[in-house]
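**Q** One letter stands for each residue in the lines below.
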Amino acid sequence: MGIIEKKKIEGILSGYKKLSIATVCSHSALQIFQGARQGKVHSIGICTKDRLEFYKSFPHARPDEFLVVDSLADVPVEELVARDAIVVPHGSFVEYVGEKLDGMAVPVFGNRRSLQFERDRMKMFSWMGKAGLRIPKTMKPEEINGLAIVKFPGAKGGMGYMIVKSEKEYWEKVGKKKALIQEFIVGVRAYPHYFHSIFSEAGYKTAYGHVELMGVDRRVESNAEEIARAVAAGGNVPLSFTVVGNASMVMRESLLPSFMDIGRNVCNSSKELFGGMHGPFCVETIVTEDLDIYAFEISARIVAGTNVLHHPYAEFTHGEMVSTGKRIAQELKEAFRKKKLNEIVY
Amino acid sequence: MGIIEKKKIEGILSGYKKLSIATVCSHSALQIFQGARQGKVHSIGICTKDRLEFYKSFPHARPDEFLVVDSLADVPVEELVARDAIVVPHGSFVEYVGEKLDGMAVPVFGNRRSLQFERDRMKMFSWMGKAGLRIPKTMKPEEINGLAIVKFPGAKGGMGYMIVKSEKEYWEKVGKKKALIQEFIVGVRAYPHYFHSIFSEAGYKTAYGHVELMGVDRRVESNAEEIARAVAAGGNVPLSFTVVGNASMVMRESLLPSFMDIGRNVCNSSKELFGGMHGPFCVETIVTEDLDIYAFEISARIVAGTNVLHHPYAEFTHGEMVSTGKRIAQELKEAFRKKKLNEIVY
Amino acid sequence: MGIIEKKKIEGILSGYKKLSIATVCSHSALQIFQGARQGKVHSIGICTKDRLEFYKSFPHARPDEFLVVDSLADVPVEELVARDAIVVPHGSFVEYVGEKLDGMAVPVFGNRRSLQFERDRMKMFSWMGKAGLRIPKTMKPEEINGLAIVKFPGAKGGMGYMIVKSEKEYWEKVGKKKALIQEFIVGVRAYPHYFHSIFSEAGYKTAYGHVELMGVDRRVESNAEEIARAVAAGGNVPLSFTVVGNASMVMRESLLPSFMDIGRNVCNSSKELFGGMHGPFCVETIVTEDLDIYAFEISARIVAGTNVLHHPYAEFTHGEMVSTGKRIAQELKEAFRKKKLNEIVY
Numbered sequence: 001m002g003i004i005e006k007k008k009i010e011g012i013l014s015g016y017k018k019l020s021i022a023t024v025c026s027h028s029a030l031q032i033f034q035g036a037r038q039g040k041v042h043s044i045g046i047c048t049k050d051r052l053e054f055y056k057s058f059p060h061a062r063p064d065e066f067l068v069v070d071s072l073a074d075v076p077v078e079e080l081v082a083r084d085a086i087v088v089p090h091g092s093f094v095e096y097v098g099e100k101l102d103g104m105a106v107p108v109f110g111n112r113r114s115l116q117f118e119r120d121r122m123k124m125f126s127w128m129g130k131a132g133l134r135i136p137k138t139m140k141p142e143e144i145n146g147l148a149i150v151k152f153p154g155a156k157g158g159m160g161y162m163i164v165k166s167e168k169e170y171w172e173k174v175g176k177k178k179a180l181i182q183e184f185i186v187g188v189r190a191y192p193h194y195f196h197s198i199f200s201e202a203g204y205k206t207a208y209g210h211v212e213l214m215g216v217d218r219r220v221e222s223n224a225e226e227i228a229r230a231v232a233a234g235g236n237v238p239l240s241f242t243v244v245g246n247a248s249m250v251m252r253e254s255l256l257p258s259f260m261d262i263g264r265n266v267c268n269s270s271k272e273l274f275g276g277m278h279g280p281f282c283v284e285t286i287v288t289e290d291l292d293i294y295a296f297e298i299s300a301r302i303v304a305g306t307n308v309l310h311h312p313y314a315e316f317t318h319g320e321m322v323s324t325g326k327r328i329a330q331e332l333k334e335a336f337r338k339k340k341l342n343e344i345v346y
Numbered sequence: 001m002g003i004i005e006k007k008k009i010e011g012i013l014s015g016y017k018k019l020s021i022a023t024v025c026s027h028s029a030l031q032i033f034q035g036a037r038q039g040k041v042h043s044i045g046i047c048t049k050d051r052l053e054f055y056k057s058f059p060h061a062r063p064d065e066f067l068v069v070d071s072l073a074d075v076p077v078e079e080l081v082a083r084d085a086i087v088v089p090h091g092s093f094v095e096y097v098g099e100k101l102d103g104m105a106v107p108v109f110g111n112r113r114s115l116q117f118e119r120d121r122m123k124m125f126s127w128m129g130k131a132g133l134r135i136p137k138t139m140k141p142e143e144i145n146g147l148a149i150v151k152f153p154g155a156k157g158g159m160g161y162m163i164v165k166s167e168k169e170y171w172e173k174v175g176k177k178k179a180l181i182q183e184f185i186v187g188v189r190a191y192p193h194y195f196h197s198i199f200s201e202a203g204y205k206t207a208y209g210h211v212e213l214m215g216v217d218r219r220v221e222s223n224a225e226e227i228a229r230a231v232a233a234g235g236n237v238p239l240s241f242t243v244v245g246n247a248s249m250v251m252r253e254s255l256l257p258s259f260m261d262i263g264r265n266v267c268n269s270s271k272e273l274f275g276g277m278h279g280p281f282c283v284e285t286i287v288t289e290d291l292d293i294y295a296f297e298i299s300a301r302i303v304a305g306t307n308v309l310h311h312p313y314a315e316f317t318h319g320e321m322v323s324t325g326k327r328i329a330q331e332l333k334e335a336f337r338k339k340k341l342n343e344i345v346y
Numbered sequence: 001m002g003i004i005e006k007k008k009i010e011g012i013l014s015g016y017k018k019l020s021i022a023t024v025c026s027h028s029a030l031q032i033f034q035g036a037r038q039g040k041v042h043s044i045g046i047c048t049k050d051r052l053e054f055y056k057s058f059p060h061a062r063p064d065e066f067l068v069v070d071s072l073a074d075v076p077v078e079e080l081v082a083r084d085a086i087v088v089p090h091g092s093f094v095e096y097v098g099e100k101l102d103g104m105a106v107p108v109f110g111n112r113r114s115l116q117f118e119r120d121r122m123k124m125f126s127w128m129g130k131a132g133l134r135i136p137k138t139m140k141p142e143e144i145n146g147l148a149i150v151k152f153p154g155a156k157g158g159m160g161y162m163i164v165k166s167e168k169e170y171w172e173k174v175g176k177k178k179a180l181i182q183e184f185i186v187g188v189r190a191y192p193h194y195f196h197s198i199f200s201e202a203g204y205k206t207a208y209g210h211v212e213l214m215g216v217d218r219r220v221e222s223n224a225e226e227i228a229r230a231v232a233a234g235g236n237v238p239l240s241f242t243v244v245g246n247a248s249m250v251m252r253e254s255l256l257p258s259f260m261d262i263g264r265n266v267c268n269s270s271k272e273l274f275g276g277m278h279g280p281f282c283v284e285t286i287v288t289e290d291l292d293i294y295a296f297e298i299s300a301r302i303v304a305g306t307n308v309l310h311h312p313y314a315e316f317t318h319g320e321m322v323s324t325g326k327r328i329a330q331e332l333k334e335a336f337r338k339k340k341l342n343e344i345v346y
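Protein chains in written order, with the working numbering: chain W, 1 to 346; chain Z, 1 to 346; chain B, 1 to 346.
If you're looking for bench data, these hints aren't it; they were derived computationally from the structure.
Take the hints with a grain of salt, since some may be wrong.
Within a straight-line C-alpha distance of at most 25 Å, the following computed DMTMM-like cross-link-like pairs (lysine to aspartate or glutamate) qualify [stated by the list, open to error]:
(1) W:Lys205 x B:Asp50
(2) Z:Lys49 x B:Asp50
(3) W:Lys18 x W:Glu343
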């Protein structure tokens with residue numbers, strides 16, 4: 001199934017009399033609903049029965065309305081359109097819905113083409129290359145010489161990633177499975193959260209708006225985060241990288257201009273490649289001891305690290321503590337008011 | 001000395017004309033006093049002379065009044081009752097006062113029976129079992145096979161815990177000392193902070209009220225937190241676990257329904273076992289790479305991790321940044337106003 | 001070049017009709033500008049051309065005015081005096097300007113003598129000694145016996161620090177280079193942020209005012225922070241300590257009185273040694289498993305760890321979230337209003 005025509009989405013939008021914000025109940029949905037509430041925008045939670053109690057339990061972060069589905073992969077397109085809804089995609093949404101997103105006849109905040117690039121590693125590399133990012137070397141098994149990280153397609157939240165030290169170890173542990181092999185960069189992983197706006201005059205000017213820095217987080221991974229304890233105790237436990245949480249961090253201030261450049265370059269190259277991204281995105285980076293910044297992935301939508309909610313960088317930008325969820329509601333409201341939703345939705 | 005009769009406490013309460021909040025000056029006392037100030041409730045610090053200057057030094061977190069004692073174990077019961085005080089127990093309070101708490105003729109927020117369960121490992125295991133929590137395997141020395149953690153009675157704040165890898169190492173390092181041996185689970189330790197309320201309609205419904213999620217922290221332990229440096233440098237330093245601080249963390253959103261279930265199950269089983277807990281509590285957990293959640297302890301009162309003060313989950317629940325200290329004052333005020341103090345105090 | 005006479009600075013100050021706050025665009029400048037804006041004080045950014053776009057990009061943390069310079073070491077003294085500016089020194093300022101600071105004919109917040117002590121390790125040790133701080137043992141190469149950390153003069157932000165285990169390794173890795181060798185203390189590094197005020201009545205009383213605790217952070221270092229991953233994976237990567245960021249932490253409450261004592265002792269000894277410090281400073285500490293606090297450095301000015309911006313301890317002190325940047329503006333405004341700038345500026 002190909003990607004739905006932009007005109008078709010514009011047609012749907014042209015029938016919208018009001019604005020509502022919908023997302024799948026997972027990942028960063030609480031924050032998105034909270035932001036909609038703060039912006040007084042009607043919110044819709046696409047939710048399975050087993051999670052209903054949970055998503056009802058936060059009075060200030062629950063959606064105004066639920067659409068109950070059998071599986072989070074089943075986005076109820078017609079019900080959403082009937083409710084004048086814009087869908088906000090997030091990591092779990094991208095994972096559950098997968099390629100079905102391409103053809104989905106409901107407006108999506110941002111640009112659904114960007115999520116095609118997020119899904120496909122080759123497209124991702126071309127995007128990062130065009131943005132001029134410094135990326136870890138990709139290798140063939142016979143090129144492994146020192147620590148290498150092996151990533152499998154569809155491995156979500158870091159689950160299943162592994163480290164190998166030699167070609168021999170690669171064939172033993174991975175075998176003929178399809179996998180991406182990258183140089184393992186030792187450093188601090190830092191995840192800057194950006195927001196691209198067509199209305200903002202803060203942040204860095206891009207080819208089609210402005211990009212703001214909203215915050216930075218570190219991922220808390222099991223067992224990587226606490227493997228030192230096992231190692232120090234003499235245990236023999238294989239390293240793994242399942243993300244279980246996130247923690248806030250501020251960066252050495254002299255690194256921030258580079259982070260801003262990275263954000264802008266990613267926006268500008270997205271414009272050239274597929275017409276531009278809108279709203280939240282993240283560039284997954286590692287900062288080495290020489291203060292070099294390596295990028296190893298782009299998330300072309302809200303990341304779970306924004307769940308730390310408030311960060312000094314957003315306060316520097318907006319003068320108050322603004323979450324990415326609130327920022328999403330602001331941008332969509334402004335676009336609705338100015339009849340420009342079709343510019344930031346696809 | 002047995003536990004004081006509930007009726008006796010009710011008798012004391014019946015003489016209360018106003019409400020004041022008292023605690024021992026340690027652990028999370030600053031937060032508790034700040035919360036009382038925010039709620040305009042009179043606060044009393046039970047303090048040794050050497051700490052007076054410190055607890056006077058924070059204008060917005062100092063108690064309104066001090067009761068100076070020679071030892072933090074000496075709770076001045078009569079002076080507290082004369083001041084219409086409810087005592088808020090915390091970790092250091094439980095440690096200093098110990099079993100004397102049982103007979104103490106002053107109202108205690110929560111349920112002093114719950115602290116009997118916290119003190120006694122066998123009772124704790126029965127509670128965790130009744131709550132259906134997944135717990136690390138408990139072992140005899142001859143069953144040690146891989147990493148095991150050894151905990152001694154009364155070891156507070158993690159001090160003195162050690163890791164062994166074999167029965168041989170156990171006998172060498174521990175010998176015949178009384179100790180608890182548990183399977184060492186490798187993962188990320190996450191400490192969810194809960195609050196049980198008889199007035200709230202947020203969070204999950206329990207058998208006797210609602211349980212809210214206030215936040216999650218990680219403990220910062222010396223030397224476990226930074227042992228990797230020593231190991232990487234080739235040093236040979238034994239692992240240790242003294243808690244020196246706490247840091248905020250947010251969890252993978254799909255883990256949160258399980259954390260809410262855990263909180264509710266602990267409340268419901270507490271109701272069956274000893275009439276229910278009230279106010280703040282914490283379940284100490286470890287999240288593995290497979291996203292399994294192991295619980296290894298319950299703290300039946302405020303934990304020091306809440307000293308991070310503000311957390312997104314409390315904001316999702318209350319619409320503003322509410323500390324556990326403030327939440328305590330809210331609940332006690334509401335109970336006082338509705339003449340229901342006797343339901344949440346024992 | 002000797003240090004400029006205090007009288008000369010007082011002469012400059014006597015010509016000031018208003019107050020403005022200037023700093024070099026790096027390190028913690030965003031926070032300092034934000035604080036000035038919050039206090040409605042005119043702010044001036046000393047900035048190189050390549051960083052202008054960045055420092056213009058945060059609407060609530062950009063300076064009101066820029067002075068563009070070719071190098072951050074070129075402080076435009078006359079332009080600053082012409083604008084009635086007080087210079088706020090920070091880590092990069094101290095690094096870039098170095099000894100030129102001594103003679104600089106512009107008022108500097110705090111006491112420029114304190115920065116002489118920060119620059120010179122021997123003076124630093126005498127200061128720490130006078131303050132009665134517990135410090136790691138300093139060693140000669142032949143005394144190395146176990147893990148030792150080697151620090152080089154001018155190594156900034158931890159870059160270039162290394163660990164050795166023996167005299168032999170020392171000579172191999174370091175050779176005859178000038179270096180400081182210290183016992184490597186294993187524990188949790190905690191960086192308390194203090195603020196000394198001549199107006200405050202919060203915090204601890206010192207010989208010349210009060211010292212408040214504003215917060216505590218942990219430094220996030222590359223590669224030390226994540227070296228465990230490489231070690232667990234069997235890699236062989238040398239440990240390094242470049243600071244790439246900071247994260248917030250709260251301390252075990254029973255440690256805080258000692259941290260307050262440390263802050264006060266450092267202030268009081270600074271008074272005896274060089275007439276006292278003013279405003280923000282930090283004592284770099286390590287907390288061991290026995291809860292001993294070792295101090296290994298004093299930063300006699302704002303540290304980058306305050307970029308976490310808001311911290312419970314400042315809230316306990318001030319009743320709201322006050323950054324060190326805002327606190328600086330408050331103190332300078334109060335001094336300007338009371339005609340006491342000359343007491344806290346040199």
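**Q** Can you confirm whether the C-alpha distance between Lys205 (chain W) and Asp50 (chain B) stays at or below 25 Å?
**A** Within the cut-off at roughly 15 Å; holds.
**Q** Is the Cα-Cα distance between Lys18 (chain W) and Glu343 (chain W) 25 Å or less?
**A** Roughly 17 Å between the alpha carbons, so the hint for Lys18 (chain W) and Glu343 (chain W) holds.
**Q** Does Asp50 (chain B) lie within 25 Å of Lys49 (chain Z) when you go C-alpha to C-alpha?
**A** Roughly 56 Å separates the two Cα atoms, so the pair is violated.
Checked against the numbered hints above, the structure violates only hint 2.
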